[in-house]
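Number of protein chains: 2
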Amino acid sequence: MPELRQNFATKEWVIIATERARRPEQMVQHRERKPLAPFVASCPFCPGNEGLTPPEVLRVPASTAVPWHVRVVPNKFAALSREVEPTRTVHRSRRTVNGFGVHDVVIETPDHAQVLALMPDSYVAEILRVYKTRYDELSLDPRIAHITIFKNHGADAGTSLEHPHSQLIATPVISHQVRERFQHALRHHDDFGECMFCQMLEEEMEEQARVVMTSEHFVALELFASPAPFCTHIYPRRHMASFGDVSAAEINDLARMLRTMLAKLYHGLKDPDFNFTLRSAPAENFGVKYFHWYVSIIPRLTRVAGFELGSGMFINTVVPEAAAEFLRKVDVESTESAAAAATQ
Amino acid sequence: MPELRQNFATKEWVIIATERARRPEQMVQHRERKPLAPFVASCPFCPGNEGLTPPEVLRVPASTAVPWHVRVVPNKFAALSREVEPTRTVHRSRRTVNGFGVHDVVIETPDHAQVLALMPDSYVAEILRVYKTRYDELSLDPRIAHITIFKNHGADAGTSLEHPHSQLIATPVISHQVRERFQHALRHHDDFGECMFCQMLEEEMEEQARVVMTSEHFVALELFASPAPFCTHIYPRRHMASFGDVSAAEINDLARMLRTMLAKLYHGLKDPDFNFTLRSAPAENFGVKYFHWYVSIIPRLTRVAGFELGSGMFINTVVPEAAAEFLRKVDVESTESAAAAATQ
Numbered sequence: 001m002p003e004l005r006q007n008f009a010t011k012e013w014v015i016i017a018t019e020r021a022r023r024p025e026q027m028v029q030h031r032e033r034k035p036l037a038p039f040v041a042s043c044p045f046c047p048g049n050e051g052l053t054p055p056e057v058l059r060v061p062a063s064t065a066v067p068w069h070v071r072v073v074p075n076k077f078a079a080l081s082r083e084v085e086p087t088r089t090v091h092r093s094r095r096t097v098n099g100f101g102v103h104d105v106v107i108e109t110p111d112h113a114q115v116l117a118l119m120p121d122s123y124v125a126e127i128l129r130v131y132k133t134r135y136d137e138l139s140l141d142p143r144i145a146h147i148t149i150f151k152n153h154g155a156d157a158g159t160s161l162e163h164p165h166s167q168l169i170a171t172p173v174i175s176h177q178v179r180e181r182f183q184h185a186l187r188h189h190d191d192f193g194e195c196m197f198c199q200m201l202e203e204e205m206e207e208q209a210r211v212v213m214t215s216e217h218f219v220a221l222e223l224f225a226s227p228a229p230f231c232t233h234i235y236p237r238r239h240m241a242s243f244g245d246v247s248a249a250e251i252n253d254l255a256r257m258l259r260t261m262l263a264k265l266y267h268g269l270k271d272p273d274f275n276f277t278l279r280s281a282p283a284e285n286f287g288v289k290y291f292h293w294y295v296s297i298i299p300r301l302t303r304v305a306g307f308e309l310g311s312g313m314f315i316n317t318v319v320p321e322a323a324a325e326f327l328r329k330v331d332v333e334s335t336e337s338a339a340a341a342a343t344q
Numbered sequence: 001m002p003e004l005r006q007n008f009a010t011k012e013w014v015i016i017a018t019e020r021a022r023r024p025e026q027m028v029q030h031r032e033r034k035p036l037a038p039f040v041a042s043c044p045f046c047p048g049n050e051g052l053t054p055p056e057v058l059r060v061p062a063s064t065a066v067p068w069h070v071r072v073v074p075n076k077f078a079a080l081s082r083e084v085e086p087t088r089t090v091h092r093s094r095r096t097v098n099g100f101g102v103h104d105v106v107i108e109t110p111d112h113a114q115v116l117a118l119m120p121d122s123y124v125a126e127i128l129r130v131y132k133t134r135y136d137e138l139s140l141d142p143r144i145a146h147i148t149i150f151k152n153h154g155a156d157a158g159t160s161l162e163h164p165h166s167q168l169i170a171t172p173v174i175s176h177q178v179r180e181r182f183q184h185a186l187r188h189h190d191d192f193g194e195c196m197f198c199q200m201l202e203e204e205m206e207e208q209a210r211v212v213m214t215s216e217h218f219v220a221l222e223l224f225a226s227p228a229p230f231c232t233h234i235y236p237r238r239h240m241a242s243f244g245d246v247s248a249a250e251i252n253d254l255a256r257m258l259r260t261m262l263a264k265l266y267h268g269l270k271d272p273d274f275n276f277t278l279r280s281a282p283a284e285n286f287g288v289k290y291f292h293w294y295v296s297i298i299p300r301l302t303r304v305a306g307f308e309l310g311s312g313m314f315i316n317t318v319v320p321e322a323a324a325e326f327l328r329k330v331d332v333e334s335t336e337s338a339a340a341a342a343t344q
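First to last, the sequence lines map onto chains A and B. Per this note's numbering, residue 1 is the first one in the first sequence, and the count goes up by one each step. Per this note's numbering, residue 1 is the first one in the second sequence, and the count goes up by one each step.
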């Protein structure tokens with residue numbers, strides 16, 4: 001029997017389509033990725049080609065032979081420009097803000113052939129600290145209303161560049177979707193005196209059916225009303241509205257969990273294309289009691305079609321509880337030690 | 001200079017990314033589609049294979065040698081089931097409705113190789129009348145809250161079946177997105193005493209920059225804050241909240257405009273994958289003064305990536321005014337008469 005489930009936080013309905021349901025195993029990818037070289041002479045993100053990017057905003061220096069660990073540069077084809085002052089125009093039904101904003105690229109490693117899912121946890125922590133540094137810096141700019149940090153992995157996730165990288169876009173407006181979800185969270189807090197995400201986490205921890213893994217500071221779970229197969233959220237267990245409030249210990253813990261979850265997807269589903277995004281409070285709402293930041297990982301296993309575009313409702317063909325069970329069983333450590341033994 | 005534009009109706013912001021902008025011509029597709037046979041023995045939608053679909057709900061009989069013009073059948077792999085009564089369950093943060101609903105397939109023609117963009121206008125009118133018949137019937141069912149009519153053309157638009165078809169999904173709930181847009185429209189009406197869509201249409205007709213074509217009863221235009229290249233809306237000029245209120249003359253006029261707009265995309269962009277969807281008021285809101293139904297055509301020319309998923313904001317790389325100019329110039333009639341002359 002199919003089931004409609006409502007996302008508690010966003011109020012969006014999802015159809016869990018059991019009549020056309022697929023077992024989690026059927027989502028394993030069969031595409032062969034071409035093997036990448038660790039250095040590509042024409043790649044603007046490879047070491048030695050630093051001159052091909054706009055001047056660097058931030059660099060994590062390396063302690064060894066490699067020239068650097070992580071670099072942040074302005075996107076050469078930025079969606080927004082930092083050269084203007086944001087100015088709003090309202091003319092009858094037409095509302096615009098000129099294109100002020102910041103669009104960074106975070107080059108995650110000098111190694112062209114590396115993937116985040118297989119990096120050491122400590123290296124992923126470096127990248128997260130870079131996110132936080134830029135997030136904190138840009139949050140202080142009064143022209144910036146909201147910051148989105150995201151990664152596109154693979155062509156179906158919207159990237160054409162192979163070299164591992166993520167991005168940050170800071171906008172002079174708060175998106176309608178973010179504003180609107182804030183209103184739901186605020187209303188819940190006003191009605192029940194609690195953060196709706198904290199409540200949901202408490203219930204998920206009691207029920208366990210959708211929890212994939214837990215650590216000292218974080219929980220990774222499949223959403224009850226997951227809009228797509230294997231859509232995974234990572235929540236801090238401590239109430240925090242903003243990613244900017246994360247502690248040093250929490251960053252290290254998050255790095256381990258994010259890396260492990262990406263590795264579970266990588267080994268379990270054979271390197272699917274995916275996006276991840278960090279959803280945090282807008283700067284003007286730092287510290288609020290009613291919102292809770294999180295990381296959302298969205299494997300791109302299915303296509304959005306006309307029903308989704310025409311209704312805003314999604315059809316999910318993998319039952320979230322089955323996806324959670326599948327991911328719990330992917331043993332990253334033994335898969336990787338077996339692979340390491342095989343190549344020795 | 002990039003520009004952020006706010007959709008007047010939905011309040012969603014879009015980044016018109018002029019720094020990475022493409023000319024409309026750069027969106028012309030270069031993929032070769034394999035030629036289709038007019039009859040495929042294994043296709044469940046081809047004539048003679050009527051037994052492969054669930055029992056027919058509706059048929060438009062043919063006047064000539066072909067067995068039928070249009071058939072409506074339940075989707076064999078329906079996302080929802082008409083066999084249950086909708087029952088709502090609320091258990092703490094988990095809200096569900098069991099999977100009651102209707103999922104129809106509209107087989108648009110017996111000809112496997114046909115495409116909607118190249119059909120006679122009168123044939124498209126038959127299909128629209130079928131939509132209206134099913135829409136009217138299902139709107140009377142008190143268990144149904146909302147009906148979405150949509151078409152998926154091509155793999156990037158989410159279809160694997162070649163035979164021309166569209167679909168209808170009727171749900172026991174109103175999606176959050178639809179509910180929320182209704183609230184904007186209602187508030188606008190309360191503030192200004194007018195339908196926000198009627199106002200927007202009046203302004204677009206005065207300005208003309210984004211209007212692609214007009215007819216006695218309809219207007220086709222590129223949205224000012226278009227979320228994606230060539231995203232086109234067709235609005236009735238007369239105020240109507242529901243597709244169910246459309247008159248016989250209006251259906252014929254809409255068929256001509258929809259067919260012409262699809263042909264402009266087909267000839268101008270070389271048969272891009274696309275979705276279209278009919279956005280109409282939920283049954284409980286038929287007749288309201290503040291909402292206006294429309295058809296939305298969404299060519300699938302770009303990929304949604306992490307920024308869009310993480311913020312709900314879209315980046316559009318084709319300026320809507322340039323897209324409108326490009327589409328105005330595609331001369332469907334002379335393209336088709338030249339093609340007809342060449343094959344004679």
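Hints are computed from structural coordinates only; laboratory data are not their basis. C-beta: ideal position from N, C-alpha, C; glycine also. Worth double-checking, as some hints may not be accurate.
As a list, the in silico EDC-like pairs of lysine to aspartate or glutamate whose alpha-carbon atoms are at most 20 Å apart [stated by the list, open to error]:
#: 1; chain 1: A; residue 1: K289; chain 2: A; residue 2: D245
#: 2; chain 1: A; residue 1: K34; chain 2: A; residue 2: E162
#: 3; chain 1: B; residue 1: K76; chain 2: A; residue 2: E19
#: 4; chain 1: A; residue 1: K76; chain 2: B; residue 2: E3
#: 5; chain 1: A; residue 1: K11; chain 2: B; residue 2: E336
#: 6; chain 1: A; residue 1: K11; chain 2: A; residue 2: E284
#: 7; chain 1: B; residue 1: K34; chain 2: B; residue 2: E162
#: 8; chain 1: B; residue 1: K34; chain 2: B; residue 2: D121
#: 9; chain 1: A; residue 1: K76; chain 2: B; residue 2: E162
#: 10; chain 1: A; residue 1: K289; chain 2: A; residue 2: E162
#: 11; chain 1: B; residue 1: K270; chain 2: B; residue 2: E19
#: 12; chain 1: B; residue 1: K132; chain 2: B; residue 2: D245
#: 13; chain 1: B; residue 1: K270; chain 2: B; residue 2: E180
#: 14; chain 1: A; residue 1: K289; chain 2: A; residue 2: D190
#: 15; chain 1: A; residue 1: K132; chain 2: A; residue 2: E56
#: 16; chain 1: A; residue 1: K11; chain 2: B; residue 2: E3
#: 17; chain 1: B; residue 1: K270; chain 2: B; residue 2: E284
#: 18; chain 1: B; residue 1: K11; chain 2: A; residue 2: E12
#: 19; chain 1: B; residue 1: K76; chain 2: A; residue 2: E194
#: 20; chain 1: B; residue 1: K11; chain 2: A; residue 2: E180
#: 21; chain 1: A; residue 1: K34; chain 2: A; residue 2: E137
Output of the computed footprint for chain A on chain B, the stretches with three or more beta carbons under 8 Å from beta carbons of chain A [what the hints assert, rightly or not]:
#: 22; region: 71-79
#: 23; region: 253-259
Hints numbered earlier in the text: which of these fail when held up against the supplied structure? Violated: hints 5, 6, 8, 9, 10, 11, 13, 16, 17, 19, 21, 23.
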